[in-house]
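*Asks:* Given chain G, put chain L in place with the hints provided.
Here are the chains, one letter per residue:
Protein chains: 2
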Amino acid sequence: MKIVVIGGIAGGTSAAAKAKRTNKSAEIVIYEKGKYVSVGACGIPYVLGGYIPGPEKLIVRRPEDFEKSGIKVKLEHEVVGIDLDKRKVLVRDPQGRTFEDPFDRLIIATGASARKLDVPGSNLRGVFTVKGLDDLIAIESYIKKENVNKILIVGGGFIALELISAFRERGFDVYSLYYKGHVPSRFDRDVVEPVLSKLDEKGVKKLWNTELEEIEGRERVERVRLKSGEIVEVDMVIMAVGVKPNSKLAKEAGLELSVAESIKVDEHMQTSEEGIYAAGDCTHCYSVVTGKPIYLPLGSIANRHGRVAGTNAAGGKAIMAPVAAGTVFKFFELGIAKTGLTEREAINEGFNTASVLVKALDKAHYFPGAGRLWIKLVWEKESGRLLGAQMVGPYTAVKRIDVVSALLHKHSTIEDLKNVDMAYSPPFSPAWDPLSIAANQAVKE
Amino acid sequence: MKIVVIGGIAGGTSAAAKAKRTNKSAEIVIYEKGKYVSVGACGIPYVLGGYIPGPEKLIVRRPEDFEKSGIKVKLEHEVVGIDLDKRKVLVRDPQGRTFEDPFDRLIIATGASARKLDVPGSNLRGVFTVKGLDDLIAIESYIKKENVNKILIVGGGFIALELISAFRERGFDVYSLYYKGHVPSRFDRDVVEPVLSKLDEKGVKKLWNTELEEIEGRERVERVRLKSGEIVEVDMVIMAVGVKPNSKLAKEAGLELSVAESIKVDEHMQTSEEGIYAAGDCTHCYSVVTGKPIYLPLGSIANRHGRVAGTNAAGGKAIMAPVAAGTVFKFFELGIAKTGLTEREAINEGFNTASVLVKALDKAHYFPGAGRLWIKLVWEKESGRLLGAQMVGPYTAVKRIDVVSALLHKHSTIEDLKNVDMAYSPPFSPAWDPLSIAANQAVKE
Chain G
18 MKIVVIGGIA GGTSAAAKAK RTNKSAEIVI YEKGKYVSVG ACGIPYVLGG YIPGPEKLIV
78 RRPEDFEKSG IKVKLEHEVV GIDLDKRKVL VRDPQGRTFE DPFDRLIIAT GASARKLDVP
138 GSNLRGVFTV KGLDDLIAIE SYIKKENVNK ILIVGGGFIA LELISAFRER GFDVYSLYYK
198 GHVPSRFDRD VVEPVLSKLD EKGVKKLWNT ELEEIEGRER VERVRLKSGE IVEVDMVIMA
258 VGVKPNSKLA KEAGLELSVA ESIKVDEHMQ TSEEGIYAAG DCTHCYSVVT GKPIYLPLGS
318 IANRHGRVAG TNAAGGKAIM APVAAGTVFK FFELGIAKTG LTEREAINEG FNTASVLVKA
378 LDKAHYFPGA GRLWIKLVWE KESGRLLGAQ MVGPYTAVKR IDVVSALLHK HSTIEDLKNV
438 DMAYSPPFSP AWDPLSIAAN QAVKE
Chain L
18 MKIVVIGGIA GGTSAAAKAK RTNKSAEIVI YEKGKYVSVG ACGIPYVLGG YIPGPEKLIV
78 RRPEDFEKSG IKVKLEHEVV GIDLDKRKVL VRDPQGRTFE DPFDRLIIAT GASARKLDVP
138 GSNLRGVFTV KGLDDLIAIE SYIKKENVNK ILIVGGGFIA LELISAFRER GFDVYSLYYK
198 GHVPSRFDRD VVEPVLSKLD EKGVKKLWNT ELEEIEGRER VERVRLKSGE IVEVDMVIMA
258 VGVKPNSKLA KEAGLELSVA ESIKVDEHMQ TSEEGIYAAG DCTHCYSVVT GKPIYLPLGS
318 IANRHGRVAG TNAAGGKAIM APVAAGTVFK FFELGIAKTG LTEREAINEG FNTASVLVKA
378 LDKAHYFPGA GRLWIKLVWE KESGRLLGAQ MVGPYTAVKR IDVVSALLHK HSTIEDLKNV
438 DMAYSPPFSP AWDPLSIAAN QAVKE
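Top to bottom, those sequences are chains G and L. This note's numbering numbers the first residue of the first sequence as 18 and each following residue consecutively. This note's numbering numbers the first residue of the second sequence as 18 and each following residue consecutively.
Keep in mind that the hints are not guaranteed to be accurate.
Because identical chains share one entry, a pair is satisfied inside a single copy or across any pair of copies.
Derived pair list, reagent style BS3-like, types lysine-lysine, alpha-carbon separation capped at 27 Å [claimed, not checked]:
(1) Lys37 with Lys461
(2) Lys435 with Lys41
(3) Lys265 with Lys91
(4) Lys281 with Lys334
(5) Lys89 with Lys461
(6) Lys85 with Lys376
Quick caveat, the hints were computed from the structure, so don't treat them as lab data. Owing to the predicted nature of the structure, the values given are computational and were not obtained by experimental measurement.
The shape of chain G in the complex, shown without the other chains (with noise of 0.2 Å):
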């Protein structure tokens, strides 16, 4: 059995290395189009933040570790056609030229790409996305090249988030662009008070509710007009206002697409082509609160659908799980997370919400560093049915949103929340946790 794999990142290397692990003598073969396999690219802003030491930190194994367990590793190989009728990929080797490879299943995994907005000036030297390797080693070639010191991020999401944190630790001024009036996107903003406040407190220079109209300069980027009319001079923009799923040579073999056009699959990560399967940013998840398909772009999302797609192809037989969409990231010395859906998403999804939000000690209020933890549960009033949860608050305090992913993978109701007796001792938690808090809050308790 020949295995083909598109994409070498996180999901392509996952579904390789388990295809290899579920049928030791399949032929597997991992064609990637750029310079590098298996980067764990979510250490990116760290990289910026000077957190972590350097770009080669992030590389979590190198073609020589697949080819020892007998996965072959094509880089700068692109693959760029698919014939599922004779079943052969197209691909073009780093001399351009084009050779055909025959497969008995294939596996595309070829990601997502950064949006860009397209306005003028995009194009200028000093302004990035981030979403490669490639991208951070450009940005810290202009940085350590230029005069660098205002950077401009342009996003709401926790990317953006990541970035200006970032590049604030490490000294330089920081502009935040983003065309509504909060962040994260995606969070309800009653919540999200005190990274509204973090952000001023850290001196990051918000425009907000204003889009880009032009950037400027004549070698590079010196400074961005926006539709407020307002002008900045800025050293450099980012781009972080999302990533759209690499589908159109999946789209172009024939094969169907689902939400926010990534490759539509089913439970065992196939697509709508029998022996073809699809792993990582370039496909979709389903949601364990609405059963529907969303897009849910994350490394551990690619290396879940990875395993599955991996162990299928060679033979095996896995399915991937609805996710509760649980995501956490690090703002300054905040911890920002969230599952399932917003209260703004539950109403559009046309449930009859009710919400609570408290802000509770994340230690016992006696404890040297308590924080405020901020919590917002949401649930279908009649029901009772935990619908979803957001939190902000002390870094080490938001790894909980865990809890309630759980539940909500056991469609569990707020009740159930409210009886779990979560661990405590003074450095850990109050006496009540704040979920515990939260819960009762909500069951009126």
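*Replies:* Frame of chain G, contents of chain L only:
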């Protein structure tokens, strides 16, 4: 309606406050035999360790706070008898006079007492147990007056370990005496390796697999003689060998007892007698894993008990859910946590168990400060039903024990744990959370 509450630490004050909120017109009186109410006794090791400036910090609410909300507090008033038929208690006031007080509903929250080993010399000056604020004050006063360098901690439970790390971090020579061969007690041997290394690394002297024969000294503790024949010079001995429920009063009144001689209650926290409730360390819980009563003298549980007992006593309706028995504590830089059953306990309960032990990084491998988290999962072999988890690792990593507690509450399987999409970014976990790694290994994926 008149509600009498016996005991004013955690369970009693929670019950009184909740009863008042449930029924504003109820007359409520708390009889507390000690000098304080509403003490966060779980903070005692952290005061001893120098984290928290003084004992008074541990007082959550003062008598006047209760009086303000209409709850009478009688300090140094000991209830010495309960007449179930006539519905009244016999109370001894600070002057030693006794009086009767009638009640409609009674809440017994008499707490627990520290066990003390009955060996020759155990009443010498310099021998202590640790349960309440009085103990803390006595220990600090002894340390201040005497020339204390060497402290012997007897016991292997979590309070013993909290005290070991507290005194060691404060610079004392610390000796650990334990009759078994590994700590903490009630953990499986295989998962506690980092605890044993930490004891050595910190220079704690282990006197294990032996017992106290005698405590010797003229004016005060000077040395201990062990059953092994060893003689060790010490200045202070602290016995942290568990607690026993203060259930004598209830037993004498004719109430039924349960596990570990705790006061028997149903899910409403009602004792064997209608209208008489119990809460806190004097009573028990039910295990969500086995359905059986378990004795779990924890501050967080006492608070839960209190709310349920208080609600029901005041005419409301509340249920004390079974508990997963999640616990967590800090030991030097380590966090130690468990929930449900250990493998040993599960085997003793008659389960056909399976288990995995993983040692996974708690953050992305490239993130500074990543440390190894040891996780042991225990489940029932045939059904895959989760039975428990134990964790030892970086302090900030072990609160994820609550994820397993939540799943235990929902009678979940190891497959369910595998399916939870744990929130990820590099400062919070590797792309595969340690719990997911453990679950993957458990289901052999």
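*Asks:* Check each numbered hint from earlier against the structure, then list the numbers of those it violates in ascending order.
*Replies:* Per hint list: zero violations.
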